[in-house]
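Colleague: Single-letter residue listing:
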Amino acid sequence: MQIFLQQLMNALQWGSFYALIAIGYSMVYGVLMLFNFAHGDIFMVGAYIGFFVASGLLALDLGGVIGLPVGVELAVVLVLTLIISMLLNSVVGMLVERIGYRPLRDAPRASAAITGLMIGIILETGNLAILGPQRLSFPELIPSRTIIILGASVTNKKILIVGVSILLTLALHQFVQRTKWGMAMRAMAYDYVVVPLMGISSNTIALMTFALGSALAAAAGILFGIAYPVLDPNMGILFGWKAFVAAILGGRGSILGAGLAGFLLGFIEIFVTMVFPSTMRNLIAFSIILIILTFRPHGFFGEPYSAQLRL
Amino acid sequence: MTKITNSLIQFWQRVRRMGRKFFKPYRNIPLLGWLIAGLAAVILEQLLGYALAPWIGLSKPPALFGVSLILSEPALFFSALVYLLLIFVLPILLVSRLTRYPANRTAGWLSRFPLAVTALVHMAVLYAILHIWTDISSYRLLVTRLAMISIIVTLSLNVINGYMGEFSCSHPGFLALGAYGASVFTVVLFVSENLFGEALLPASWAPFFFPVSLILGGIVAALGALLVAVPSFRTRGDYLAIISLAFMFIVISLFENMEWVGGARGISSQPDLANLPTIFVWTMLSIWIINNFVRSTLGKALSAVRDGELAANAMTVNTRRTKMVAFLFAAFWAGVAGGLFAHVIRYINPGTFGIRKLAEVLAMVYFGGLNSVTGSIVGAVGFSLISEALRPLNIYKWILIPIMLILIMIFRPMGLIAFTEFDLESIFQPKVDPAEGEGADHGAA
Numbered sequence: 001m002q003i004f005l006q007q008l009m010n011a012l013q014w015g016s017f018y019a020l021i022a023i024g025y026s027m028v029y030g031v032l033m034l035f036n037f038a039h040g041d042i043f044m045v046g047a048y049i050g051f052f053v054a055s056g057l058l059a060l061d062l063g064g065v066i067g068l069p070v071g072v073e074l075a076v077v078l079v080l081t082l083i084i085s086m087l088l089n090s091v092v093g094m095l096v097e098r099i100g101y102r103p104l105r106d107a108p109r110a111s112a113a114i115t116g117l118m119i120g121i122i123l124e125t126g127n128l129a130i131l132g133p134q135r136l137s138f139p140e141l142i143p144s145r146t147i148i149i150l151g152a153s154v155t156n157k158k159i160l161i162v163g164v165s166i167l168l169t170l171a172l173h174q175f176v177q178r179t180k181w182g183m184a185m186r187a188m189a190y191d192y193v194v195v196p197l198m199g200i201s202s203n204t205i206a207l208m209t210f211a212l213g214s215a216l217a218a219a220a221g222i223l224f225g226i227a228y229p230v231l232d233p234n235m236g237i238l239f240g241w242k243a244f245v246a247a248i249l250g251g252r253g254s255i256l257g258a259g260l261a262g263f264l265l266g267f268i269e270i271f272v273t274m275v276f277p278s279t280m281r282n283l284i285a286f287s288i289i290l291i292i293l294t295f296r297p298h299g300f301f302g303e304p305y306s307a308q309l310r311l
Numbered sequence: 001m002t003k004i005t006n007s008l009i010q011f012w013q014r015v016r017r018m019g020r021k022f023f024k025p026y027r028n029i030p031l032l033g034w035l036i037a038g039l040a041a042v043i044l045e046q047l048l049g050y051a052l053a054p055w056i057g058l059s060k061p062p063a064l065f066g067v068s069l070i071l072s073e074p075a076l077f078f079s080a081l082v083y084l085l086l087i088f089v090l091p092i093l094l095v096s097r098l099t100r101y102p103a104n105r106t107a108g109w110l111s112r113f114p115l116a117v118t119a120l121v122h123m124a125v126l127y128a129i130l131h132i133w134t135d136i137s138s139y140r141l142l143v144t145r146l147a148m149i150s151i152i153v154t155l156s157l158n159v160i161n162g163y164m165g166e167f168s169c170s171h172p173g174f175l176a177l178g179a180y181g182a183s184v185f186t187v188v189l190f191v192s193e194n195l196f197g198e199a200l201l202p203a204s205w206a207p208f209f210f211p212v213s214l215i216l217g218g219i220v221a222a223l224g225a226l227l228v229a230v231p232s233f234r235t236r237g238d239y240l241a242i243i244s245l246a247f248m249f250i251v252i253s254l255f256e257n258m259e260w261v262g263g264a265r266g267i268s269s270q271p272d273l274a275n276l277p278t279i280f281v282w283t284m285l286s287i288w289i290i291n292n293f294v295r296s297t298l299g300k301a302l303s304a305v306r307d308g309e310l311a312a313n314a315m316t317v318n319t320r321r322t323k324m325v326a327f328l329f330a331a332f333w334a335g336v337a338g339g340l341f342a343h344v345i346r347y348i349n350p351g352t353f354g355i356r357k358l359a360e361v362l363a364m365v366y367f368g369g370l371n372s373v374t375g376s377i378v379g380a381v382g383f384s385l386i387s388e389a390l391r392p393l394n395i396y397k398w399i400l401i402p403i404m405l406i407l408i409m410i411f412r413p414m415g416l417i418a419f420t421e422f423d424l425e426s427i428f429q430p431k432v433d434p435a436e437g438e439g440a441d442h443g444a445a
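Each protein sequence line maps, in turn, to chains A and B.
Everything in the first sequence is counted per my numbering, starting at 1 for the first residue and increasing by one.
Everything in the second sequence is counted per my numbering, starting at 1 for the first residue and increasing by one.
These are computed hints drawn from the structure, not numbers from a lab.
In this text, all values refer to a predicted model and were calculated from it rather than measured experimentally.
Some chain B residues close to chain A (C-beta under 8 Å, calculated; not the full set):
no.	residue
1	ARG234
2	THR235
3	ASP238
4	ILE243
5	ALA246
6	ILE250
7	SER253
8	GLU256
9	ASN257
10	ILE355
11	ALA359
12	TRP398
13	MET409
14	ILE410
Straight-line alpha carbon distances no greater than 25 Å define the calculated SDA-like cross-link-like pairs of lysine to any residue that follow:
no.	chain 1	residue 1	chain 2	residue 2
15	B	LYS357	B	VAL381
16	B	LYS357	A	ASN234
17	B	LYS357	A	SER278
C-beta: ideal position from N, C-alpha, C; glycine also.
Produce the entire structure from the sequences given, and follow the hints as far as they go.
Modeller: What follows is the structure, encoded as structure tokens:
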């Protein structure tokens, strides 16, 4: 039971990265019907931006200047890092949209997928060219503390990571469901052609979708840096592709679906390694996904496949 | 001021007119003429290359037309350019112009034979060019062999992504299946002292069994493709893309966990069977068969399924059978390519066939052009040569190539040469009718 609870917490943490990245995929996919294959690398860029912002803020020494106690100072740095990096990374996302996707709005979708793939490679290689191949270690923003819940020892980091990611998922869900902007996005997802006729600029909505997705990716990157403080330029590749699978598994454009599928993927991967050797992780995880998709081809919350897909 | 501009414009027009007059005969050169000229150029390089290189400051003939040489040592720009001009450009222009009448007449004479004979003659000349060209350096040989294998991969991926209109990510998985299938066969039978124990047959028999191993690899890949083909009955588009991606991950992960084929370490020391003639024959075979496939009734049915599955069904196309055959067919050729690849590199591990490989093969298909055999050939060869030629740029190569591809996608979203038919007869036919074209052209010559 203890081990189970502990692994449950690990799975929740691991799944929350997938969930946050998958939501970005899912939004772009829902609104624009595009595979944004650059998203995994936007996550990587977000983690690096978070690294630089956090290091910069720590170097500024806010505690010394304003006179905050150490614990509060770190909390302030963490919150500021999250906010600033999410903003900066949303700019990155909007640039990617502007350069890589807007010129291809009327092209076949596969072509846009190729540009996404290529932008991803550019981001990785650019990072490698600028920062060099050595790995960076993320600054310690939260002093690690272990809490015992029901006999299972859980670090405060894990609770924070899971909490923040669930909070962000729900906030985004509320944004999409309750606000006018969200309504515009849902309308775009519903009918791509008519919405611009209603006076909604499709380019603005596309930019906003990319900005929101990239902001979540930045949050995922920072949380990842807190949990596993080693950054390298290729960290986004596998995460990105797996989150992509999770996004589709959740159903087209469904934010909660993508989040749930992300957590599910995390659960599968963690619990598979409990029973089987860890090299079997991908094998079993993807086999399960293949089986699910064979019987439910449109994902958890998606609508069944219709012939009207904008191919 | 206007006077100067006017005279400049006049001068430019005169240059253009002269250029047009100079290049006019080149429109009448058949493929055979170009091939003969290429043969002359490579023979010239074989005879004079090593003698000429020190004269113009090069240590040896540049491997890939001097592009990588210029990039690594910009000071040698003019030497490489002179070499290129003297050995390739000028002889080709000269010989193709001089031989255009006999070449046209020969092409006309050849066109009276069945198409297969004509094709064989052209392929023989092409093979001679490649053989002599790759004789200069082993680097050229390796690049050529890999480029020809990527032609097979690109063509087979084009069957699914282009003609069938699905976005399939499973090709690295098919390649891996073929590579492992063929490698296990040859290594078990012909190689001693490895993870499979002693060789079962003498190594001298290996070349005869190599086609068997390739076909075996192809069949293994085709069997694996069933896993993607069956779900494709129920779903299309995006969900099939995910299924194919999951398939790729499963295959790679499977090989990582199969210790009897080496696990994550992979298989090494495959016999060196995939030499230039073997690969050439298989590549030509694949072009011929895939071209016939996409032009057959089944290929047309495939395009019909792409454009409208319901409509195709209403027109009595058996969509399930069509999809199934297309997937198995494409996977078979990908498996053959994987087998060849394994015997060129002579070392494979599961990591060889990962996401990077996927990006590479997708880039080749979309670079060359969808729904086009010509496009696939151009894409595979062009992409391989460009990525080899840019090697001196180190990692900046992987910034430059993606930018190039993004630009191609923006300006030609379907790829460079998309939706064209690869019509052999029109490619081989003489460019002017030998009887009347000659008389009309004699005045100019």
